[in-house]
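Two chains, two separate frames, one set of hints: put the complex together.
Single-letter residue listing:
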Amino acid sequence: MRIILALIKKEFRQLVADPFFFRFLLIAPLAQLIVLGFSLTLETSNVSLAVCDLDRSPASRELISALENSEHFVLTHHVLQYQELEQSLRRWEAAVGIYIPPDFSRRRSTEGSGRILVLLDSVDGNKALTAFGYLTQIVSAESVSASPVQLTYRYRFNPELRSEAFMVPGIVVLIITIITLLIASMSLVREKERGTLEQLSVTPITKGQLIAGKLLPFLFYAFVELAIILRVAELVFRLSPAGSILQLYFAVLIYLGSTLGLGLLISSIASTQQQALFIAWFCMVFMILLSGFFIPIDNMPLWLQRITLLNPLRFMMTIVREIYLKSTPLSLLLDQLLPLGALGVGIFFASVLTFQKTVK
Amino acid sequence: MGLKAIILKEFKHILRDYRTLIILFLLPLIMIVLFGYAMSLELSSVALVVDDRDDSSVSRELIRSFRGSAFFSLREVRLGNSLELFRRREADAVLTIPENFSRDLFRGETAHLDIDIDASDASRGLIVRQYINSVIRTYLVSVGNSDLPAIELVPAFLYNQERSGAFFFVPALTALIVIMVAALLTSLTITREKEQGTFELLRLSPVHSYEIILGKVLPYLLLALLIAGLIVLFGILLFQVPVRGSITALAVYLLIYCLTGLSFGILISTVAGSQQAAMLIALIATLLPTLFLSGFMFQLEAMPRPLQIISLFVPARYFLIILRGLMLKGNSVRELLVPGTALMTFSFIFLVLAIRRFRAYLES
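Protein chains in written order, with my numbering: chain A, 20 to 379; chain B, -10 to 353.
What the hints contain is simulated information worked out from the structure, not anything from laboratory work. Just to be clear, a hint being listed does not mean it is correct.
[To be verified] Calculated pairs, DSS-like style, for lysine-lysine (alpha carbon to alpha carbon, straight line, at most 30 Å):
id, chain 1, residue 1, chain 2, residue 2
1, B, -2, B, 183
2, A, 376, B, -7
3, A, 211, B, 183
4, A, 211, B, -7
5, A, 226, A, 376
6, A, 211, A, 28
7, B, 183, A, 29
8, B, 183, B, 1
9, B, 183, B, -7
10, A, 345, A, 28
11, A, 211, A, 29
12, A, 376, A, 29
For reference, chain B alone in the conformation it holds in the complex (with noise of 0.2 Å):
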């Protein structure tokens, strides 16, 4: 009885405050189409400088190659200074070509390529090597000086043929946003209550604590589920992103992750003492270690070890996996059972948490 006056009472805190509401729908959609689009990590072309110092037919042969792939686009100088054009951001590589390569080709001696590469940016910079050296290679296999290689490999991109960044990242931004908007709603109930002294009504009345907890968490759990269902059917109509698994997986999956978020917003508000705390506490809590120890785009296996026992402990690492599973490589069930069990646990946790420091409270 005292919970369904709870939920009753908090729907009505939700409906009034007409404004907030409407910065919650508004922006995860604003951020899921923005990012969406922003998202992309393909490389955009490789800005080459040549300085073709042996000016020979094999080496504007060796050029042509050059231009004749998309992800080059090149420029011809005499004698760059490579620190320079580097510094005006003017190339990303500089491929000196000495003056006697061709004759050293001719006369089977070993012939050299100068390669500067500009590595501020050491993974692009990687990159960057990886397209010369291929259309080097190419290159030398085309005018026949050098072997096949032996050993040919043969790629097969599975789940997402094309790579597409939105594949990868619309899963992410839903994990993201669904957490923040959820911690950050039900961080602030009970610290308002605080602050606004309605708390002590609270308190008097007949209503057991789980009771308040419970009432509190439902009404934002249809809220921020709604939220999430919009999420993801923004990025399915917009980005095409497929759900090959089960839809009906992906929907509780949905709620038992929303559930994470609010007992977690839930636990952080009986913590903090006023609103303004719990907001903070709320924002670093779930958007540092969503972006960058869930998997989302940083790999969590390249860091080092503290930090990937770190990561142990964020709920959306877990929820990661499953909404790329659900949506990209089709998991069933059963193989998500190990995230799956971890979510259920950390609500649980949280939820347990939050009622017995709540109840303490409510004694004191």
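So that you can see chain A by itself, here it is in the shape it has in the complex (with noise of 0.2 Å):
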């Protein structure tokens, strides 16, 4: 016990003299919270709209003006020919194109249904539905006469449709997943780098203080992160977990198993830091990527999804959004939690296993 604490007050006096490394972990979560958090909405807003209005009859001038008043469209360009209207599109300048044809009105009053052509930008396929979706609900608001069924809609969980709600908690496991992957990689190469492990080794240290001696500073503090960003996403955010903190801190703990056992198992493997940094970064981006954070998971071709349940994020990210949102408590997250830990065993013994191999 005695070995294992002067090892971790050694690994906090390393953490604490690289004034570069300590503060870039410091600072960089919280700036990519604030950013990311401000930026990474899929909200389709301010679409840029260019209008060719060749009716210029009440009826038209009535949508257009609907149009302009929704807080999801900007009115950018009034253009005189169907033309300018494709060349507006092609030029960037505006991503959605109406064509009001010169019979709009006409057969409106006559067959009961004027049409409009829409020219959408689908270089963003997603957007452009949404864009639609949009302007259909517009113009049915506009059309539509009183309705016999009226639909009532209740938005659970996130009444005011808020897509920071669902990315600040996904943020949040993923500065952990960052922050901690990246201490765990580097800190057992840097002292194969310096040969302070070959040190180490001579010493009467066993293998296993030494690795408990190395993870548990880097458990405190992404603890320590973990509650100052949680703090940082209430007073920027207005957004508190809606479920049990404490068992928000309890997931967090068995899926730092993973990205811990992670970064050991690399730094294991990589023979200098430049390695060790390429082979994070790619289990980073890997691990973001495939898991649901941004892009669903069921969106997914059935062999990709099959892979996501090796990533570990995955489950936590589900977690995390669950009981941030939607106060669900852990026993309804089993599913979930089991694999997660499965997969923190697995990889923490490799990586421990791996580990005694390079220190003979």
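Shown next, in the form of structure tokens:
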């Protein structure tokens, strides 16, 4: 125990002694949280709109002003010809073009329904579809007479439909992942590069003690970081966990088994810091993109969905969002928690075994 | 003369470390394959739970029209608690048809339908709402309980008719991978020489500072261009992404973009004190802005103004317009004049800054 304490002390001193690394670990996460929290919206708003109104009737003008008043669209161009409409889309000046043909209001009164052509820049297919959905809503509000059926929608857990509510909890675990993976994968390699690992291995310290002495400070550090991030999320985004904080911490503790284990594994395999960083980088990108953080896993092809089962972040992502937004108790999250625990144990043991081979 | 020697020396460096070279070629290819398939934003089917308390021919007909839609997977429950269903992740939405739904409808009174949506993911919640809305509207029109809408919108999805995710993401991934690889490559070159002490030798040799910088950039330019070309080729072959504009223009812009990344890396390497610092700076300064502030997948126009302004300084933002323009929209070089000029300005500024800082360092 005394030995472990001594090792922990040493590790803390090292962390504080490298001013660049220490500051980086402290400031980068907070900057990330704030910038990402504001930028990570999959919302579609301020879509630039070009209009070509050849009808010029009261009906068409009314429609255009309804579009102008919508929060989702910004009317940027009034053009006089269909060709100009196409051109403004091609030149990235507008994302949606509305073409109201000359016979719009005439057909509307004679045939009961007037047609409008909507040109959509579908380079981003999703955005095009959402924008078209908004247009349909606006137009149907304009045109449908009192409907016999009234639909009442209730948005549960997030009545204001804030996209940050979904993203910020995700960012919290993302930051924890990046930080713990980075420090764990760098720490051992540095000792290898400098030759201090050899010195440690001739002391009477056992490998178990060495690993505990390495990882416990990181564990502590991760929880301090987590507490800070949660507090900042509350201050900046007015978001606090709806569910039990204690259960959240417990889930993170299990999750850290995976990330710290993976970090240790990387630093056992890599021989230089550069290699460690490259591998850690790849693992990070892999984990983040296949976690459901911004690409829902259900959308992926089946073989890829199976691969995501190897990704601990995938389970943690679901857990943190469930607890944060829906106050789901852990008892309903066992289908996520158990695989997470299994992965954690597996990765951790693999890393300990590899580590023991490295340090002869 | 000095330039040629430095270029030769860098080439030897690159070829000697074949392990890193393999990583450099393999990682981007794995990434484009994996993420080209992963990056689909199409909505999977909506898990809809129906609580039919009316249990009439009308309500069953309504349920049938949901079953007929490919967008929904349907389940019926009696008196379901929507919150509980959402917490178990068994439903995206719960539709409750109240007891007197059909009665109200026949009497010509306003009938009600209650829909609970799990809105924890707000954007998905909105789309779910749209899907449900359109099924119910179609149903009402088909049974003659609603008028045809007075305005019919006819959509034309341009440039990407099938709204394929790969068309959107292959250019984006190219932009991300190229700038990361390029910046990481060169960010280490000078710091490594500093750390290993070989820099002092360079300082004593009779070469100009611009020769050193150019001599370090050019070999990596070739390497980065090779990797970039490979990624684009993979995207075209694997995901059938078209190139509707000029291929020559594509190659030229790719070259300029590589140069931007490399000169940014060189700039970092003149600033950073250690290899570790250089790598971390290169990683953070390229990965995050390119992912989040370039239009990679998050729409810039939906962001708050300060972030929009920051995004003006992200090179990938311009490159994405160029790449998507050339591949999907078939833009001409003239139509891409503004983003093209912006990219060239970036490389020029980075390079000049790097040379100046480098010269100051040499003379110190």
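Evaluation of the provided hints:
1. B/-2 / B/183: holds (16 Å)
2. A/376 / B/-7: Answer violated: residue 376 of chain A to residue -7 of chain B is near 45 Å, above 30 Å.
3. A/211 / B/183: holds (21 Å)
4. A/211 / B/-7: violated (37 Å)
5. A/226 / A/376: Given that 30 Å is the threshold and the Cα spacing comes to 11 Å, the pair holds.
6. A/211 / A/28: The given pair, whose Cα atoms are some 19 Å apart, holds under the 30 Å limit.
7. B/183 / A/29: With a Cα-Cα distance of about 28 Å, the restraint between residue 183 of chain B and residue 29 of chain A holds, given a limit of 30 Å.
8. B/183 / B/1: holds (18 Å)
9. B/183 / B/-7: holds (21 Å)
10. A/345 / A/28: violated (40 Å)
11. A/211 / A/29: The given pair, whose Cα atoms are some 16 Å apart, holds under the 30 Å limit.
12. A/376 / A/29: holds (24 Å)
Violated hints, in rising order: 2, 4, 10; the structure is consistent with all others.
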